[in-house]
Amino acid sequence: MQQRIVTAIIALIILIPLIIYGNWPFIVMTYLFAIVGLYELMRMLDPKKGILYTVISVGFLMILLNIEVENDIKLETFVIFAIILFIITVLTKNKFTFQQASFLFLATFYIGISFHMLIEIRLLGLNYLLFILFTIWATDSGAYFVGKSVGKRKLWPEISPNKTIGGAIGGIVIAMIVAVIFQVIYPFDISYTMVIVIACTISIFGQMGDLVASAIKRQYGIKDYGKLFPGHGGILDRLDSLLFVLLMLFVLPLF
1170 MQQRIVTAII ALIILIPLII YGNWPFIVMT YLFAIVGLYE LMRMLDPKKG
1220 ILYTVISVGF LMILLNIEVE NDIKLETFVI FAIILFIITV LTKNKFTFQQ
1270 ASFLFLATFY IGISFHMLIE IRLLGLNYLL FILFTIWATD SGAYFVGKSV
1320 GKRKLWPEIS PNKTIGGAIG GIVIAMIVAV IFQVIYPFDI SYTMVIVIAC
1370 TISIFGQMGD LVASAIKRQY GIKDYGKLFP GHGGILDRLD SLLFVLLMLF
1420 VLPLF
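Numbering of the sequence shown is given in our numbering, commencing with residue 1170 and proceeding in unit increments.
These aren't lab readings, by the way, just hints derived from the structure by calculation.
Worth double-checking, as some hints may not be accurate.
Said to hold, decoys possible - Label-pair ranges, simulated between beta-carbon atoms:
no. : residue 1 : residue 2 : range
1   : 1251      : 1215      : 13 to 23 Å
2   : 1330      : 1190      : 38 to 48 Å
3   : 1358      : 1389      : 40 to 50 Å
Yeah, the Cβ is synthetic: ideal placement off N, Cα and C, and Gly gets one too.
The whole structure should be built from the sequences, with the hints applied where relevant.
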């Protein structure tokens, strides 16, 4: 517990100024987090070849991080990366399998688009990013405390034994309350009804992201994605809910 607290304090001291200031320091931080997150997935796929797989994928990752949202994503970008992966499977005589190639493609797309949206949201305005972060944190806290108090029925015991239906609902309710308070203090030019709808959507997708991350870890038999934050795990352990929400915002722009 002490290690978790110390890590959290150090992380907040470093990250809060970067989030508030934004601009190139925030973008550099996001790029580094994206590369580390990609490596965590690749190391999960194959601990011995994690660095190699990251090197293979990092070029495509950089392209995704720099995609212009207002322009169409060129299909050729994805086709070229897929062709490269297929060629590698042939050259290695299937030592690099089709399943591994598919994992690299999907993992790089997930990390690239999610962290790209993190940059886009920050460029949109600090209040937008803070709203998302507070909503997710409120969801996590609400789900934990409500689940501990009144949670009886398990939400998805095969994937995450500690999560309950009551906790999930409590997380959504607390998220909506925090969102309304945020709107009072730092108002958006939208109605309170819309704020509640957005908060509810973020809360639901955030919890889905947590479950997806847990399902993947169970499939690969690992407890944490990484060890970057002692006592907390890796980048993906800390940002699983946020990244899933950001991926959702790419196709469902709520702001």
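Results of checking the hints against the structure:
| no. | hint | result |
| --- | --- | --- |
| 1 | 1251 to 1215: 13 to 23 Å | 20 Å, holds |
| 2 | 1330 to 1190: 38 to 48 Å | 40 Å, holds |
| 3 | 1358 to 1389: 40 to 50 Å | 44 Å, holds |
Checked against the numbered hints listed earlier, the structure breaks none of them; every hint is satisfied.
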